[in-house]
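Quick note, the sequences are listed as chains A and B, same order.
With our numbering applied, the first sequence covers 1 to 363.
With our numbering applied, the second sequence covers 364 to 617.
Among the hints, a few may not be true.
To give an idea of the chain B side of the interface with chain A (calculated C-beta under 7 Å), a few residues [as the list claims (entries may be wrong)]:
hint : residue
1    : Glu-415
2    : Tyr-429
3    : Gln-437
4    : Arg-443
5    : Thr-449
6    : Val-454
7    : Arg-455
8    : Lys-458
9    : Ser-515
Computed spacing ranges between beta-carbons, pair by pair [stated by the list, open to error]:
hint : chain 1 : residue 1 : chain 2 : residue 2 : range
10   : B       : Lys-561   : A       : Pro-191   : 49 to 59 Å
11   : B       : Phe-519   : A       : Ile-229   : 38 to 48 Å
12   : B       : Glu-595   : A       : Gly-50    : 52 to 62 Å
13   : A       : Glu-185   : B       : Ser-524   : 58 to 68 Å
14   : B       : Lys-571   : A       : Lys-134   : 42 to 52 Å
15   : B       : Pro-518   : A       : Arg-300   : 58 to 68 Å
16   : B       : Gln-381   : A       : Val-188   : 53 to 63 Å
Calculated from the model, a selection of chain B residues having no Cβ within reach of chain A, i.e. all distances over 12 Å [what the hints assert, rightly or not]:
hint : residue
17   : Pro-370
18   : Pro-392
19   : Gly-397
20   : Glu-438
21   : Thr-500
22   : Gly-511
23   : Lys-513
24   : Ser-517
25   : Gln-538
26   : Lys-561
These are computed hints drawn from the structure, not numbers from a lab.
Where is the CB? At the ideal position from N, CA and C, for every residue including glycine.
Each chain is listed here by its residues.
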Amino acid sequence: MGNTNGNPDVRLMKGNEALAEAALRAGMKAYFGYPITPQSEVLEYLTAHGPEHPEVVILQAESEVAAINMIYGASGAGARVMITSSSPGISLMMEGISYMASAQLPALIVNVQRGGPGLGTIQPSQGDYFQAVKGGGHGDYRLIVLAPASVQEMVDHVFEGFRLSEKYRNPAMILADGALGQMMEKVVLPPAGSLAPPDFAWATSGKSSTRDRNVVTSLFIQPERMEQINLALQAKYRTIEEAEVRCESIGMDDADVALVAFGLTSRICQKTMELARAKGIKVGLIRPITLFPFPYTVVRSYVDRVEAFLTVEMNAGQMVEDVRLAVEGNRPVHFTGRMGGMIPTPEEILAKVETIVHQPAKA
Amino acid sequence: MENTFIPVGMEVVYKKPQTLTDTPMHYCPGCGHGVIHKILMEVIDEMGIQSETIGVAPVGCSVFAYDYMNVDMQEAAHGRASAVATGVKRVRPDKFVYSYQGDGDLAAIGTGETIHTVNRGENILMLFVNNGIYGMTGGQMAPTSLLGMKTSTSPFGREASTMGYPLKITELVAQLPGAYYVTRQSVHTTANVRKLKKAIEASFRYQKEKKGTCFIEVVSNCPSGWKMTPIEANEWLEKNMFPYYPLGDLKAPK
Ligand SMILES: Cc1ncc(C[n+]2csc(CCOP(=O)(O)OP(=O)(O)O)c2C)c(N)n1
Ligand code: SF4
Ligand SMILES: [Mg+2]
Numbered sequence: 001m002g003n004t005n006g007n008p009d010v011r012l013m014k015g016n017e018a019l020a021e022a023a024l025r026a027g028m029k030a031y032f033g034y035p036i037t038p039q040s041e042v043l044e045y046l047t048a049h050g051p052e053h054p055e056v057v058i059l060q061a062e063s064e065v066a067a068i069n070m071i072y073g074a075s076g077a078g079a080r081v082m083i084t085s086s087s088p089g090i091s092l093m094m095e096g097i098s099y100m101a102s103a104q105l106p107a108l109i110v111n112v113q114r115g116g117p118g119l120g121t122i123q124p125s126q127g128d129y130f131q132a133v134k135g136g137g138h139g140d141y142r143l144i145v146l147a148p149a150s151v152q153e154m155v156d157h158v159f160e161g162f163r164l165s166e167k168y169r170n171p172a173m174i175l176a177d178g179a180l181g182q183m184m185e186k187v188v189l190p191p192a193g194s195l196a197p198p199d200f201a202w203a204t205s206g207k208s209s210t211r212d213r214n215v216v217t218s219l220f221i222q223p224e225r226m227e228q229i230n231l232a233l234q235a236k237y238r239t240i241e242e243a244e245v246r247c248e249s250i251g252m253d254d255a256d257v258a259l260v261a262f263g264l265t266s267r268i269c270q271k272t273m274e275l276a277r278a279k280g281i282k283v284g285l286i287r288p289i290t291l292f293p294f295p296y297t298v299v300r301s302y303v304d305r306v307e308a309f310l311t312v313e314m315n316a317g318q319m320v321e322d323v324r325l326a327v328e329g330n331r332p333v334h335f336t337g338r339m340g341g342m343i344p345t346p347e348e349i350l351a352k353v354e355t356i357v358h359q360p361a362k363a
Numbered sequence: 364m365e366n367t368f369i370p371v372g373m374e375v376v377y378k379k380p381q382t383l384t385d386t387p388m389h390y391c392p393g394c395g396h397g398v399i400h401k402i403l404m405e406v407i408d409e410m411g412i413q414s415e416t417i418g419v420a421p422v423g424c425s426v427f428a429y430d431y432m433n434v435d436m437q438e439a440a441h442g443r444a445s446a447v448a449t450g451v452k453r454v455r456p457d458k459f460v461y462s463y464q465g466d467g468d469l470a471a472i473g474t475g476e477t478i479h480t481v482n483r484g485e486n487i488l489m490l491f492v493n494n495g496i497y498g499m500t501g502g503q504m505a506p507t508s509l510l511g512m513k514t515s516t517s518p519f520g521r522e523a524s525t526m527g528y529p530l531k532i533t534e535l536v537a538q539l540p541g542a543y544y545v546t547r548q549s550v551h552t553t554a555n556v557r558k559l560k561k562a563i564e565a566s567f568r569y570q571k572e573k574k575g576t577c578f579i580e581v582v583s584n585c586p587s588g589w590k591m592t593p594i595e596a597n598e599w600l601e602k603n604m605f606p607y608y609p610l611g612d613l614k615a616p617k
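Sequences and hints are given; from them, build the entire structure.
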C-alpha cells in the first residue's frame, strides 16, 4: 500500500486504524475480531483493506469467546495472529488466553480499554491493568504487556508485540485505551516485510513422515508434570523480566517528585511537569512502557533521589501497587486518578503534586 | 510397532491402523470412543492423508485423543473445538481438519460455535459423539439426555418442564445452508461401523472439494455413566436412543 518513493511513509491516522495497518505491514496472517466500541475501527479497517491482502485471513467471529479460540487454532497452526477488543470483550477471552499461555502460543492481543466495571462506558480507561498484568484468567501465567502512549506507539508496539510473543512463545498484549484508539496523530509507518515470517517447528502443520506428531495442548494431567510445566513457564517469565523491561524517564535528573504513569496518563503528566516546573516545582516522569515486565529497578533507582512518588492512572489505583513494591516503603507513594471513563486534567494532577511536595517524608 | 511376523499358512485379516498409536486407551470397556477413534484413523490411513490431517479434540472423555491419533492435533477448551478448527483450517486451507466433540461440548457449552461454524460452511469434518451424558465429569445430565433419564444431576429423571427437552442439534445443523453433508450413525454393530466408515470417507472427499461443513453424529454409549454393562448399554441404546435420534442421512448431496 502507498508507494513512498523511498521517503518515510508519514500519515495522519486514527490510533485503531494505524494499528490495523501496522499489523498488515508486520506480516499478520490471521485476524479474528468482534465489534465493540472503542476498537471497532480495527475490524472495519481490516475488512476494508482485506482485498489488497488476499493472503491474510480476516474474519468477524460470532463472539469474543469464539474469536480467541480461532486465534488459538490459527496460532497453533503456525500463523502470525492478532486479536483486538475492548474491556468486556477481553474479559470473555480470559479462558482462551490462559489456555494460550499454557500451550505457549504466540499471539498479539490488543485491549483498547473502556471504563468499567460491567458494561460501563465507552470512554477511555486504564481499569484493566490488573487483568492484563497480574493474570486475569485462571492459573499462574503472565502476558507480555506493552503500553503505548501515542498513535506512533500503537504502530511500533504491533511490531514489537509480534516479535516478543514469537521470541518467547507467549501471548503479548497491547494495553491501549479508547483515547489512543480514537485520536488522530502523525505516524511514520514502517515498510511491509521488515518482520521475518515465523517458522515454528512445533506448529500443527501436518505430520510429515520425518517427525513425530505435533500436539498443541494445555492439559498435563499428572500433577508432577503440570508442576514442571509451571516451573518452565515461571523460568521464562524471569528471563523476560531480565531482558525485556522498557521504561522512559523524563526530567528525572533533578526531580523532587516523580510522577509514575503509563499510556495516555503519561501524556497528561508531561503537561503537569511543564506547569509544575513553571511554578518552580521540580517534577519528573517515569513512564513504564512494558507493564509486564514492570520496571521495578528503574523506579527503585530513584528512591534516594526524590521526595515522593505520585502514581497517576485512569482507575482506582492499580499500577500504584507495583510502584509501592518497587519503592518498598522507603518513600511515600501517592496516587491520584479518575475512573469510569473520566480523564484527569494536568491541573488536577498539579494540585495533587502541590499537596505532597516538600512534606516531611513519612515512610 | 507393526507386527510383521505372519505364521506360515496364515493371512492377516485384521490390522490396527498405523495412524493409531500403540498407547493403551483409557476408555472404559465397551465405550464407543475407542471404536470411533479406530475407524477415523483407518480412513486416514486408507486415504493416505496422515501428513495432511490436523485434528482438534476438546475437553470430554476424548480429550486425550492426541495420545491415540498419530496426526498433528490441538486440544481445545470445552465447547470451542469448532472455533479452534476454524482457526486451523483458515490458515491451513489445504489440510484436512476435523473436530471430535462430545454432546456436552458440541450441544451445550459450544452450541454457539457449532451453529456458526456450520453456518459459515467451514470446510471441516465435525465428528459429534452423542452418548447422552457428560462422561468425563462423572455422568451428569447432558443437553441430549433423554426424558426420564437418570443421571447424577437428574437423579429423579430428566423432566421437561424444568430441564428442557433433549436437544436434536443435528436436525438444527442440517437446516443451515453451510452444512453440506449431515448424517447420524452408530458403532454398536459391525454393519454400523462400516456405514460410519463410509460417511467419514465421504466427508474427507467433500472437504477436499471444499463443499462446506460435514457433520457426523455418532449415537454412542457410556456404559460407566449409564451404569450398565457394555451389552446392556448397547441394548438400551437401540431401544431408547435410536427412536429419538434415528440413524441415517439428514442432508446428503444428490
Ligand atoms: C469451561 C469448562 N466447564 C466445565 C468443564 C468440565 N467438563 C469437562 S468435560 C465436560 C463434559 C463432557 O461431556 P461430553 O462433551 O458429552 O463428552 P463425553 O465425556 O461424554 O465424551 C465438562 C462439563 C471444563 N473442562 N471447562
Ligand atoms: S465415562 Fe463413558 S464416555 Fe467416558 S470413557 Fe467411560 S464409558 Fe466412555
Ligand atoms: Mg457425552
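Status of the hints after comparison with the structure:
no.	hint	result
1	Glu-415	holds (5 Å)
2	Tyr-429	holds (5 Å)
3	Gln-437	holds (4 Å)
4	Arg-443	holds (4 Å)
5	Thr-449	holds (5 Å)
6	Val-454	holds (4 Å)
7	Arg-455	holds (5 Å)
8	Lys-458	holds (5 Å)
9	Ser-515	violated (22 Å)
10	B:Lys-561 x A:Pro-191: 49 to 59 Å	holds (53 Å)
11	B:Phe-519 x A:Ile-229: 38 to 48 Å	holds (42 Å)
12	B:Glu-595 x A:Gly-50: 52 to 62 Å	holds (55 Å)
13	A:Glu-185 x B:Ser-524: 58 to 68 Å	holds (60 Å)
14	B:Lys-571 x A:Lys-134: 42 to 52 Å	holds (47 Å)
15	B:Pro-518 x A:Arg-300: 58 to 68 Å	holds (59 Å)
16	B:Gln-381 x A:Val-188: 53 to 63 Å	holds (55 Å)
17	Pro-370	holds (30 Å)
18	Pro-392	holds (21 Å)
19	Gly-397	holds (18 Å)
20	Glu-438	violated (4 Å)
21	Thr-500	holds (14 Å)
22	Gly-511	holds (33 Å)
23	Lys-513	holds (29 Å)
24	Ser-517	holds (26 Å)
25	Gln-538	holds (17 Å)
26	Lys-561	holds (24 Å)
Checked against the numbered hints above, the structure violates hints 9 and 20; every other hint is satisfied.
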